[in-house]
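Asker: Single-letter residue listing:
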Amino acid sequence: MKQVSNRKVYRFSVLIILCALLLGSMIISLVFGSTSVSLVDIWHTLWSDELTDAGAQIIWNIRLPRNIVAALVGACLAVSGAILQAVMKNPLADPQIVGVSSGAGLMGVIILILFPGYDYLVPMVAFLGAMGAALMVYALAWKNGIRPSRIILAGVAVSAFLGSGISALLVFFGDRVQGALLWMVGGLAARSWPQVEVLFPYAMVGLALACLGAKRLTILSLGDETAKGLGLNVEQTRFSMTAVAALLAAGAVSIAGLIGFVGLVIPHILRLIIGNDYAYLLPGSALLGAFVLVISDTVGRVAMSPIEIPVGIIMAFFGAPFFLYLLRRDG
Amino acid sequence: MDQHNSSPLTHSSENRSTISESPAVTVKHVSITLGERQILHDISLAIPKGKITTLIGPNGCGKSTLLRTMIGHIWAHGRDNISIFDKSLNRYKADDLAKVMAFLPQSPDIPKDMTVEELVYCGRYPYQRWWQNTAEEDRTVVDRVLDITKTNHLRDQLIPSLSGGERQRVWIAMALAQEPKLLVLDEPTTYLDINHQLEIMELLKRLNEEEGLTVLMVLHDLTQALQYSDYMAVLQDGRLITSGYPQDVMTEDLLQDVFRVHGSVDVSDKKGYVKITGLL
Chain V
1 MKQVSNRKVY RFSVLIILCA LLLGSMIISL VFGSTSVSLV DIWHTLWSDE
51 LTDAGAQIIW NIRLPRNIVA ALVGACLAVS GAILQAVMKN PLADPQIVGV
101 SSGAGLMGVI ILILFPGYDY LVPMVAFLGA MGAALMVYAL AWKNGIRPSR
151 IILAGVAVSA FLGSGISALL VFFGDRVQGA LLWMVGGLAA RSWPQVEVLF
201 PYAMVGLALA CLGAKRLTIL SLGDETAKGL GLNVEQTRFS MTAVAALLAA
251 GAVSIAGLIG FVGLVIPHIL RLIIGNDYAY LLPGSALLGA FVLVISDTVG
301 RVAMSPIEIP VGIIMAFFGA PFFLYLLRRD G
Chain W
1 MDQHNSSPLT HSSENRSTIS ESPAVTVKHV SITLGERQIL HDISLAIPKG
51 KITTLIGPNG CGKSTLLRTM IGHIWAHGRD NISIFDKSLN RYKADDLAKV
101 MAFLPQSPDI PKDMTVEELV YCGRYPYQRW WQNTAEEDRT VVDRVLDITK
151 TNHLRDQLIP SLSGGERQRV WIAMALAQEP KLLVLDEPTT YLDINHQLEI
201 MELLKRLNEE EGLTVLMVLH DLTQALQYSD YMAVLQDGRL ITSGYPQDVM
251 TEDLLQDVFR VHGSVDVSDK KGYVKITGLL
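Protein chains in written order, with this note's numbering: chain V, 1 to 331; chain W, 1 to 280.
In isolation and in its complexed conformation, chain V is listed as follows:
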């Protein structure tokens, strides 16, 4: 009895610590940049109504919104990855690896290039693309049940297929790629309040739905037969939670482009720390994902200043070796 409540206390404290880390990272990222701003100035800027000087402008119109976008994107991708890993019964699932991001990307590029007037549709269309890709991977990998290796292979195939679609569009419409290219590279440069406004509702709805489904994901992790025996509608859970994962990934992709490995690495680190109970794993993934993306973006801005390294590159740089490590460990 005692030990279990200790487990609860422990898991809860991990969440609190993650909250603190996220807050700390956001403050750090407000301070550092091409011009440093003092903590006192930040404090005044956040609580005053007017933007008095250049420093305040930088804080309020550049760094703060970018920070928020980074945190939301990180949270969305990490939770999306955690859900996909549960639904596809695969520790290597991640929105980019299983093709969900490419699906969102392709649809986004189609809108940006072929229907440039309808930018506001990007998140919604990206969601449809993400969902379509997830279903395609699922259907391709389904043969008397789901086997982890088949998911990855199907995901790579679908990802490559959709990626070639993106490349083809960029080649055929070379004159119009400017906007799309910026978006495709994946990064948070020039993301500000308008992007926050677009992403925020997607992220909140997605994260809330994810947390509502946490119990079902935990039951699903006991295996299909046991889950069915417990009265869980397994196929419906798979479908609805895939939709939630696609929603989260699409939201993130439509704002920040294709950022890989967040959805893979973050849930894994957290599984090691907090365990497999999705009631803790999902909020934890959201917090840690937000933290990592905020820090990575700050490093990207500061490391080679004045040149900015897109956060997607930083994530791939650290994420790819981790992916190989998992691949070797899980065999």
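Any given hint could turn out to be false.
[Unchecked claim] List of simulated lysine-lysine pairs, DSS-like, C-alpha gap at most 30 Å:
1. K215(V) - K93(W)
2. K49(W) - K205(W)
3. K93(W) - K89(V)
4. K93(W) - K143(V)
5. K8(V) - K112(W)
6. K181(W) - K215(V)
7. K49(W) - K93(W)
8. K150(W) - K8(V)
9. K89(V) - K99(W)
10. K205(W) - K150(W)
Simulated from the structure, these hints should not be mistaken for laboratory data.
Based on these hints, arrange chain W on the given structure of chain V.
Answerer: Using the frame of chain V, we list chain W on its own:
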């Protein structure tokens, strides 16, 4: 006390007359084809309520498939001809079914990071609603089933750290937390040594006698099937060969015709046993 320990054989004989009344599970004319292969041929069977029933048969005879079909995990032609406690399988909502029937697969996935108590709490899932606080009732039930299965001392251990026998008792505890009237098990003793096999069989017998639980399972060991079941069904090549009381069903002819071995069956003793002497 002596009465209580009476063999399941005599137990069943005494209650012969009640068996046909209102079965726990009824299957009428069910067939299953997977791909080109027909796995079950027109099976009709009634599983008596409040008894221990075993399905036996050689490997690949379709007994596991029949078990899964009866509980709705495999979609069958004529699925509306399967009913559980006099209600068609089609008319159950998933969570309502989980409240009357629990299923233990042959080799369930082992959760890496879950304590015994957390796993057994999962058995309360069909009763939990996000708008309802069921914590107190859940706790009472979980405490009770941990006691019944003698796993209370393990409640804080992680599942992977348990021995095979302990793990099986814990899975049964989780199933019992569903407060089912019918417990369905697929070869519950397969990966256990003989001591733990009997431990599980005794536990199931105790649950049947003391809690009135209906037990339906697939078993490999013929002696165990003979000793512990009240009712028995034999499958071969997807067909129901025979069903009835163990002492009637388990014969030397059956060993030869279905299992392709020579052997003798002794049911004169209270317990009864099957002795296999060689290949046919």
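Asker: State for each hint whether it applies.
Answerer: Hints, one by one, checked against the model:
Restraint check for K215(V) and K93(W): the C-alpha separation of about 19 Å stays at or below 30 Å, so the hint holds. At most 30 Å may separate the alpha-carbon atoms for a hinted pair to count; K49(W) and K205(W) meet this at roughly 14 Å. About 25 Å separates the Cα atoms of K93(W) and K89(V), which keeps this hinted pair within 30 Å; it holds. Distance restraint check for K93(W) and K143(V): the Cα-Cα separation of roughly 27 Å lies within the 30 Å cut-off, and the hinted pair is therefore satisfied.
As the CA atoms of K8(V) and K112(W) are separated by approximately 17 Å, the hinted pair is consistent with the 30 Å bound. A threshold of 30 Å between alpha carbons decides the hint, and for K181(W) with K215(V) the separation of about 25 Å falls inside it, so the pair holds. Distance check on the hinted pair: K49(W) and K93(W) sit about 21 Å apart at the alpha-carbon level, within 30 Å; holds. At roughly 25 Å between alpha-carbon atoms, K150(W) and K8(V) fall within 30 Å of each other, so this suggested pair holds.
Of the supplied pair hints, the one linking K89(V) and K99(W) holds, its CA atoms being roughly 26 Å apart against a limit of 30 Å. Taking the CA atoms of K205(W) and K150(W), the gap is near 15 Å; set against the 30 Å cutoff, the hint holds.
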